Structure formats: C-alpha cells, structure tokens
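Novice: The lines below spell out each chain.
2 protein chains.
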Amino acid sequence: MYNLLDGLRIIEASSFVASPTAGLYCAQFGAEVIRVDQIGGGPDYHRWPVTDAKDSLYWENLNRAKKSVALDLASPKGREMLQELVRATGQFITNFPADGFLSHAKLAERRADLVTVRIMGWADGAPALDYTVNNAVGYPLITGQGPEPVNHVLPAWDLLTGAYAAFAMLAAIRKREQTGIGSEVRIPLSDVAIGTAANLGGLAEVLHNNADRPRLGNAVYGLFGRDFVTKDSVRTMIVVVTHRQWANLVAALGLRSAVEAVETQEGVSFAADDGLRFEHRRGLFPLFEKAIGALSYDQMEAKLDEAGVVHSAYRTMWEAAHNPRLVGDNPIFSACSANPSGFAYPAAGALGTIPQMERSDAKPAPRNGQHSEEILSTALGLSSGEIARLIDSGTVGIAK
Amino acid sequence: MYNLLDGLRIIEASSFVASPTAGLYCAQFGAEVIRVDQIGGGPDYHRWPVTDAKDSLYWENLNRAKKSVALDLASPKGREMLQELVRATGQFITNFPADGFLSHAKLAERRADLVTVRIMGWADGAPALDYTVNNAVGYPLITGQGPEPVNHVLPAWDLLTGAYAAFAMLAAIRKREQTGIGSEVRIPLSDVAIGTAANLGGLAEVLHNNADRPRLGNAVYGLFGRDFVTKDSVRTMIVVVTHRQWANLVAALGLRSAVEAVETQEGVSFAADDGLRFEHRRGLFPLFEKAIGALSYDQMEAKLDEAGVVHSAYRTMWEAAHNPRLVGDNPIFSACSANPSGFAYPAAGALGTIPQMERSDAKPAPRNGQHSEEILSTALGLSSGEIARLIDSGTVGIAK
Chain A
1 MYNLLDGLRI IEASSFVASP TAGLYCAQFG AEVIRVDQIG GGPDYHRWPV
51 TDAKDSLYWE NLNRAKKSVA LDLASPKGRE MLQELVRATG QFITNFPADG
101 FLSHAKLAER RADLVTVRIM GWADGAPALD YTVNNAVGYP LITGQGPEPV
151 NHVLPAWDLL TGAYAAFAML AAIRKREQTG IGSEVRIPLS DVAIGTAANL
201 GGLAEVLHNN ADRPRLGNAV YGLFGRDFVT KDSVRTMIVV VTHRQWANLV
251 AALGLRSAVE AVETQEGVSF AADDGLRFEH RRGLFPLFEK AIGALSYDQM
301 EAKLDEAGVV HSAYRTMWEA AHNPRLVGDN PIFSACSANP SGFAYPAAGA
351 LGTIPQMERS DAKPAPRNGQ HSEEILSTAL GLSSGEIARL IDSGTVGIAK
Chain B
1 MYNLLDGLRI IEASSFVASP TAGLYCAQFG AEVIRVDQIG GGPDYHRWPV
51 TDAKDSLYWE NLNRAKKSVA LDLASPKGRE MLQELVRATG QFITNFPADG
101 FLSHAKLAER RADLVTVRIM GWADGAPALD YTVNNAVGYP LITGQGPEPV
151 NHVLPAWDLL TGAYAAFAML AAIRKREQTG IGSEVRIPLS DVAIGTAANL
201 GGLAEVLHNN ADRPRLGNAV YGLFGRDFVT KDSVRTMIVV VTHRQWANLV
251 AALGLRSAVE AVETQEGVSF AADDGLRFEH RRGLFPLFEK AIGALSYDQM
301 EAKLDEAGVV HSAYRTMWEA AHNPRLVGDN PIFSACSANP SGFAYPAAGA
351 LGTIPQMERS DAKPAPRNGQ HSEEILSTAL GLSSGEIARL IDSGTVGIAK
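These protein sequence lines are chains A and B, in that order. Reminder that position 178 of the first sequence reads as 178 in the working numbering, one-by-one numbering, no gaps. Reminder that position 12 of the second sequence reads as 12 in the working numbering, one-by-one numbering, no gaps.
Read the hints as simulated data drawn from the structure, not as lab findings. Some clues are possibly wrong.
The list treats identical chains as interchangeable, and a pair is accepted whether it falls inside one copy or across any two copies.
To be verified - Derived SDA-like pairs: lysine to any residue, alpha-carbon spacing no greater than 25 Å straight-line:
no., residue 1, residue 2
1, Lys303, Phe228
2, Lys400, Gly40
3, Lys363, Gly30
4, Lys67, Gly40
5, Lys54, Thr264
6, Lys290, Ile354
7, Lys400, Ala338
8, Lys67, Gln83
9, Lys77, Ala252
10, Lys54, Phe285
No experiment lies behind these values; they were computed from the predicted model shown.
Let the sequences and hints guide you as you build the complete structure.
Specialist: Rendered as structure tokens:
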C-alpha cells in the first residue's frame, strides 16, 4: 500500500479477474475502492481456489484493501442505490453490460462528468472470456510442441486488461480535471488480445510472411533462448538478449571453436545478430545441450552469473511460495491474518515499489457488506434510521 | 489515438517489451512520448519478426506514435544530454539500471519533482526477463499435458508490467500535482510475476493445500471449461461462468438426464456450484465430448449462441489477422502505410474505445533520430547551430 492515490474514491461493480484487478491496483496505491456486490456475493464470490470451508482464496486476494457495500441488485431500489453511489462518487469501474442499468449514458444523466471504465468481452457486447479470446487470436496453436493447442494457465488477457483499465481510469480523470469533461472508456478483452498481437508485431509478421509462425516448443522466437538440462537434471531457461551476453555465454561454456565451426559452415557471424542465432538454432542448440549437460546446476549457475547471462531454473509454484527471494524476504509481501477465510499467509501489496515512500502492509479483503452502513452514510448521506429500514427490507446487506 | 493525455510529455529510454509498451499506451492516449535511443538504434532495434530488409516489425509496432531522438549514449556528452532532457521534461519511463547515469537520485538533483517509472528484472537490480520470471514462479509446470514444462509464447509479464507502469506513471503524476513531490516507481518483472500469482490466489492455494495444482491440460481450473471437438473436427473452447449458462448448456446439448445420472451417482448438484462441476469433470467431460462430437461446428455454434454460452474455435494468428471482426472491420485498426519498414498493414491504436470521443488513425513509429532537431530545440532550447555541431561531432543522430 502506498498513498499515491489518496483522496480518490472509486465505485467498482465487477466480477472475475480483469475488472477486480483494475480496482485492486488502484486500492493498493491508496484509492478508496468500494465494491458494490449482490448481497451474499456475486458470481465469482466462491470461485476456486477455496479453503475447506469453501471461502475463495481467489476472491480475497483480488479484492484486498477494498470496501464492500452489499445491495440487492435484483431489486429496482438496489439498482437505483448503486446508480446513486456511482453518481455521488464520479468514478466507476465495471464489467456490467454497456446497455443495462449501469450504462454510462444512464449514469451520466445526473453526473455529466462521470468517468466510467468498462471491461467487456467483445466490443459489440457479445460475451468473451480470457480463455476464449486467447484462442481466437492464435496463441494456443503456437504454444508447446504441438500438434494440439495449449491453453495458457495464467489469465494474461484478464490481467493486462485490468492494468490497462486502471491506467485508462487515471487518464480519463486527468482529462476531466483539465477540461471538466467525463467519458467512458470501453476495454474489450477481444481488442486487448488482437491489439496486443499487433503491438508485438505478430499480425504484421503473419501478413508479411503470409504464413503462421512455426511452433518452437520452449525456444524463444527471434533470439537465442531455450530450456536446457544440467547433468543433475535441473531444467533451466537461458535467454541471450545482448551481444555481450552471447560472447560471454559462448566463452563461459568453452564453445568458441565449436560455434566458429557452425559460423564457417553456414557462412554467417553470430556476434552481432540475434536473428541469425535464432535461424541457426538447429546447429547451435546441440552444442549448448552438450556443454550444459556436462555441468552440475551449481557449476552452470556460477558460470552464467559471472557471464551476466539471464537464466532461471523451472520451479513449481509451491517452491516459489517457499522461496525467500520471491516471497519470504520480499518487501512487497506482508503477513495478513485478517483474511475473510481465516487462513493466514503472505499477502502481496502494490507491485511497484517507491523507494522515497513508506510501504504499509497489505490489507485484507472486506467481508460482503462490511462497509454498507459507512458508505451509505458518507457517500449518500443516509441516516442510520434509513439504513436500518433498507437492511430490514432486504435491499442492503451487512457483514455477518 | 485519443487525446486524453495531451499536454503530457514523457521521455522514454527503453528497450524490449515492457518499457516500450508503457510508452506506447501513453502515446496512444495522446501523450508526447519521446524515445531517446543510441544512434542507429538500441539492442532491440532489429528484433524479430523482421522484413526481408531486416526492418523490425516488432519495434515499429511497439513504438508507434512516439518521437525519436538519437544520441551517442556511450559518450559523456550524449549521456548528459539525455539527463537534461529528462530534467527538462519531468516524466521518465526507462528500463536502464537503477544505479547508473539514469538513476533517479542523479536525475532529481536538478529536478526535485521528477517522476520516474523504472522497469527492472529483479528488485535488487539482477537481470531477469519475461521467460525467466515465468518459470521462476511456476506457470510452465502447470501448463499443457506434461510432464515437460511449457513456456508461454505471449510475453505476458512484460505486457502486464508495461500496462502497470503506464498506470504508475499517471498515479505518481497525480500525487505530484497534489503535493509537489516527485517519486520513482520501480517495477521489477519478478515482483509483477510473484505478486500476480498471489493476487490470483495461487500462492494461497499451494500454501493451503501444501501441494501444487495438478496439470489440467486445456481444462480451466475451478469451473467447467475445456476444449471440445465437433463432428467436423473443429476444436472449440467452451467455458461456463454462470449458473444460467450451465443450465442452458446442459439443455442445449440434450444432456439433462445424463448429467442428473452423474449427480445421483456422486450425490451432488451441479446447478449452483462451479467447483463441483470442476471436481467431477472426469464424469462430466465424456458426456459433453460425445454430445459435441455429434454436432457440426455450425450446429454447435447455433446452440451455444442461443444458450448464451461463451465459446470460441481455435484459430491460427494468420486466420485471426484475416478475420473481419477482429481486424478488418475493427475500428481499433487503421491503415498505416508510413511504417519505417515500408510494409503496409493494419495498425492497432489505443486498446480502449471512448464512444464520446473521435478516434484518430494509428500513427507510425519514428525513424531513429527523426525528431532529434525538433526536440533538442523545443525541450533544451538549443540553437540550430549548436545542434548542427552536435550532429557533426557524432553526439546527435538524425534520421537518414
């Protein structure tokens, strides 16, 4: 937690990964992010992974440091209250449909300068999910050894969309501060996916070559990079991104003359050309397999570190969770025992670190409706009697 | 292109994917992003994919709508000029080392309110890349069918870090506008990766279970989702995220009684529990394989669309590039024939769409040094004579 965004209040009505991530990043930088959820939780409130008691470890991490207001969003009164909260606040993150009761036009009727950031599936409102846009743009068919497509496990499009949404929120607020004009930024997962394929040169590549990129297994496209296995069976990723790293790697592994032989045979020089190292990988990889296969992991690590070559052994997530450099000694993590699940474990704070500012500990996620009374009082000015009647009538929920 | 960020000038000294992406997102929202590069280009200037003439399709897409100043960054004078450009501008995105001539402390010596966003490998300054942090946190070992690890092809950590960096830049600027205080936000790829594993509940999961998640192939964890193959051999991803979608899917495929038989046998009800549908996937998947395998793709598509179930056939990227909904008819793309490579193809603009504002066409990337004279004049106030001498001495480069 840092207080970069203190004073900024955001209403979030959202589910799944992308939209909650946008709110999470804002909350971890100090914004007051108020989730408004169905009483008892939205469609992702029990999503796996869960504890034995079925509390969602997913939900309680994607919603840290936020507040929770619970409303009956199936009722006209509950919907109206959410609309009023958005209008009273002026900033709104959501993945609700663009044309429903949370349409920007409807919300802006009495809050002309509203900023809405809306995460969508397709731009036309059709549904899409991370795992469907991923295969729609082609990545699973160039992942792995083939011939079957391989889905990613990391919901990369959701996460990228969430971070981009947080950025878009601040950009639109900046515009409003300078001009007084609000806006809605719509961010469809499908556009994030195909736009990113374009940004990385992937679309230009297949149009230029009039062909798809071949599958490369674990090799990296366009440069020297792949997984290799040491004598003691440690599989390690090694990637060369500078010419100096290449020279150092070849020297460190005693491969100068062997690499020169490939250069002579092929009539090329690898010294200053990433692409040639990639094009001739079939000649180069066996040399490196043999050299690395003759070293223990410790020996290889020492040589590569001295050579300044980037490498990393493959780890399981359990191993990563127990790695001091990644978690135990990493200042982005702090102990958090107040999780709704009751399970205590290291909690991540802001992904960025500001040396000039003090980082405060990660906060727990709220329980459903934990802040209903506080927010309805401070944001909508409702009296405690009015709030009590709304609770009694089932329109407002509070944490049990 | 939208003009949300007009009036904001940012210096970018960067290479590879994450840092250029941060600048790209700002430029596509209207900021004036000025890349400062080594004369002739930095280490990623020729990165694949490339054209026959070896122009980088990667570089020219990650650097659209930016300006380019070329300096000899190996010389003291060139380095000093970059430092002065940063100080004169006040906003800086970089992946240069934290302790070198572009350290925040050094730059802030005569620009106390400077905002620096610095992308790093590890937080301690050790090098890391997307493909090494990915395996350090565990994803390749739960991707695919196993037993080998499967690397992702999409540089998801780079992209997420880039978007988060753009967000952090605006958050830090907001703080400065309110307090006058600048700051440096450091964003290590390793922290983005392990922090995201935490945000998604993955770390809590392996700590709670004291075990790694098993590999699931193309099945989605914690809910009903997988790839299925139609009678005419079209492989399609199908994902169920709401209870209504589940009921509709079961009905649409005529599987009510078969699913009820599984429920009876296992003593469960799938109607309102994503997790149970996942836990009992071995009983459920064969029913759906058979039902979908009896339908043509067109038949299946019609049924699933009517049922509101999210699905998508696997496509190659070549197919995606030729898909009208994704590219040809998609307003985020515009024709761009002025690319440095000379190759003309659809160019992506901002990933978000603002219905209230007009989107202008995507702009090409600059040629190396294309804006050297303009920027040295407007930002540093150098005279044309001074600039000419710097060009003659090899400190400043201009586009050929």
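Novice: Take the hints in turn and mark each one as holding or not.
Specialist: Tested hints:
no.: 1; hint: Lys303 / Phe228; in the structure: within (14 Å within a copy, 46 Å between copies)
no.: 2; hint: Lys400 / Gly40; in the structure: within (10 Å within a copy, 64 Å between copies)
no.: 3; hint: Lys363 / Gly30; in the structure: within (11 Å within a copy, 35 Å between copies)
no.: 4; hint: Lys67 / Gly40; in the structure: within (15 Å within a copy, 51 Å between copies)
no.: 5; hint: Lys54 / Thr264; in the structure: between (63 Å within a copy, 22 Å between copies)
no.: 6; hint: Lys290 / Ile354; in the structure: neither (44 Å within a copy, 55 Å between copies)
no.: 7; hint: Lys400 / Ala338; in the structure: within (15 Å within a copy, 61 Å between copies)
no.: 8; hint: Lys67 / Gln83; in the structure: within (17 Å within a copy, 42 Å between copies)
no.: 9; hint: Lys77 / Ala252; in the structure: neither (71 Å within a copy, 34 Å between copies)
no.: 10; hint: Lys54 / Phe285; in the structure: between (48 Å within a copy, 23 Å between copies)
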